[in-house]
Amino acid sequence: SQELEQSPQSLIVQEGKNLTINCTSSKTLYGLYWYKQKYGEGLIFLMMLQKGGEEKSHEKITAKLDEKKQQSSLHITASQPSHAGIYLCGADDNQGGKLIFGQGTELSVKP
Amino acid sequence: DVKVTQSSRYLVKRTGEKVFLECVQDMDHENMFWYRQDPGLGLRLIYFSYDVKMKEKGDIPEGYSVSREKKERFSLILESASTNQTSMYLCASSSTTTFTDTQYFGPGTRLTVL
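Chains as they are written, first to last, in my numbering: chain C, 1 to 111; chain V, 112 to 225.
Please keep in mind that the hints were generated in silico from the structure rather than gathered at the bench.
Hints may be right or wrong, so weigh each one.
The list that follows gives simulated cross-link-like pairs (lysine to aspartate or glutamate, EDC-like), each with its CA atoms no further than 20 Å apart [said to hold, decoys possible]:
hint, chain 1, residue 1, chain 2, residue 2
1, V, 166, C, 67
2, C, 56, C, 67
3, C, 98, V, 141
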């Protein structure tokens, strides 16, 4: 079965610094989803990538899917306290609508 | 915007009680999902449904059942709550009419079983 591994598991950065979170799959990714979760709340959909080499941006967050479609990265530029939370990657398991999720990366941004 | 709502944000129940968690979505989505989220274990799929009155077991269905009598509503039932079911429960929905499987989540219900 497909597994997603996220790194790092946790991250503390100073406000204004850039950071990258990685998501690696054991199999080819047919669809890769990034979500953000504020503490104790539900998941908020950020972006979805499907094509090898694809890159999407929203405000200061950029997500990329590598050419081989087995790894994705989420990059935050000039981090702010509002970026703090847990970032999860999810992947289409190619079995009809279900997603599997990574363990999450907990981001703290120090003012 | 897609809106997924869950009946309670916080719930405290006693061991052995029957517990109902309700989820409602307003986007006419065909698919609905129930997950639980625990530290160190991530999100685990309990049950999902592709259509009214249809249900499929996820990865950890034991101790749970579901009901989907209407398209917009998906209920998770704990027949006899136990302390190891203390967790954060998340509901999600998605559409089969788009080319993606993007799931939209509710705010979650934090259930404590004493």
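Okay, the hints, checked on the actual structure:
With a C-alpha separation of about 36 Å, the suggested pair residue 166 of chain V and residue 67 of chain C falls outside the 20 Å cut-off, and the hint is violated. Proximity of residue 56 of chain C to residue 67 of chain C is assessed by CA-CA distance (about 14 Å); at most 20 Å being required, the pair is judged to hold. Between residue 98 of chain C and residue 141 of chain V the alpha-carbon distance is near 13 Å, which keeps this suggested pair within the 20 Å criterion.
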